[in-house]
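Engineer: Sequence:
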Amino acid sequence: MKTLIYIIGIFFLQTSCYQQEFHPESGDLIFQVGIAGGMTEAIADATGGESDLSFTHVGIITVEPAGIYVLEAKSEPGVTMTPLQKFLDSSATIEGRPAAAIARITLPERRELATRAIGEAKKYLGQPYDDSFLPHNGKMYCSELVWECYLTGSKNEHLFTARPMNFRTADGRLPQFWIDHFAAMDQPIPEGVPGTNPQDMSREKFLKIVYRYWQ
Numbered sequence: 001m002k003t004l005i006y007i008i009g010i011f012f013l014q015t016s017c018y019q020q021e022f023h024p025e026s027g028d029l030i031f032q033v034g035i036a037g038g039m040t041e042a043i044a045d046a047t048g049g050e051s052d053l054s055f056t057h058v059g060i061i062t063v064e065p066a067g068i069y070v071l072e073a074k075s076e077p078g079v080t081m082t083p084l085q086k087f088l089d090s091s092a093t094i095e096g097r098p099a100a101a102i103a104r105i106t107l108p109e110r111r112e113l114a115t116r117a118i119g120e121a122k123k124y125l126g127q128p129y130d131d132s133f134l135p136h137n138g139k140m141y142c143s144e145l146v147w148e149c150y151l152t153g154s155k156n157e158h159l160f161t162a163r164p165m166n167f168r169t170a171d172g173r174l175p176q177f178w179i180d181h182f183a184a185m186d187q188p189i190p191e192g193v194p195g196t197n198p199q200d201m202s203r204e205k206f207l208k209i210v211y212r213y214w215q
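Under the numbering used here, think of the first position of the sequence shown as 1, with each following residue one higher.
Everything labelled a hint here was simulated from the structure, so no lab data went into it.
Heads up, a few of these hints could be off.
Claimed, not checked - With beta-carbon atoms standing in for the labels, derived distance ranges:
# : residue 1 : residue 2 : range
1 : 123       : 95        : 33 to 41 Å
2 : 95        : 164       : 32 to 40 Å
3 : 174       : 208       : 29 to 37 Å
Every residue gets a Cβ at the ideal spot worked out from N, C-alpha and C, and that includes glycine.
Turn these sequences into a full structure, and let the hints guide you.
Structural biologist: In structure tokens form, the structure reads like this:
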């Protein structure tokens, strides 16, 4: 019995050490598959692929004296700073582990970019969530926050690429969720308007996935 307890103890100690080996850095991006819901599923349908784990949310890691946080834009309360563990707890799970991944910019100037991006993101704290998915309207959706904050060069050029937005599924169908969502705001669906989404953002060539929480 004592031997069994000892073996179990060693197992949990090894597991704990393994989980603590990775430490995100300020400026890393954290991509997440959100818990199933109307908007989460509609985003996944429009931006994922058959072989992809479709990321539906993204935030910016900031390492603060009080701990590790995620600067993110979410439906409530808008742009906020969330403790990393709370962010992970809001993820969908794969075999009990968070469906979230850390991506790191591989450019030589990544630390300067990170410092600037975090400073920019904190300026947006308290701004409401942009459920209209339109640029420059005083509101912010998750990947828009990243896009707005990662600026490069003296001309403040955006590091990430904005592309024509797509709200349709792979077979060209427009989900009822989006029809109802934009009708409720008396707004046309912004199909084709330049924008961003977490899945496309995760594929940028200057990003490298350095940690997957579900593995």
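Engineer: May I ask you to test the hint 29 to 37 Å on the CB atoms belonging to residue 174 and residue 208?
Structural biologist: holds, 34 Å
Engineer: Is 32 to 40 Å right for how far apart the beta carbons of residue 95 and residue 164 are?
Structural biologist: Once the Cβ atoms are compared, 36 Å apart, the range 32 to 40 Å for residue 164 and residue 95 holds.
Engineer: With 33 to 41 Å as the target window, see if residue 123 and residue 95 comply at their CB atoms.
Structural biologist: holds, 39 Å
Consistency note: the structure conflicts with none of the earlier hints.
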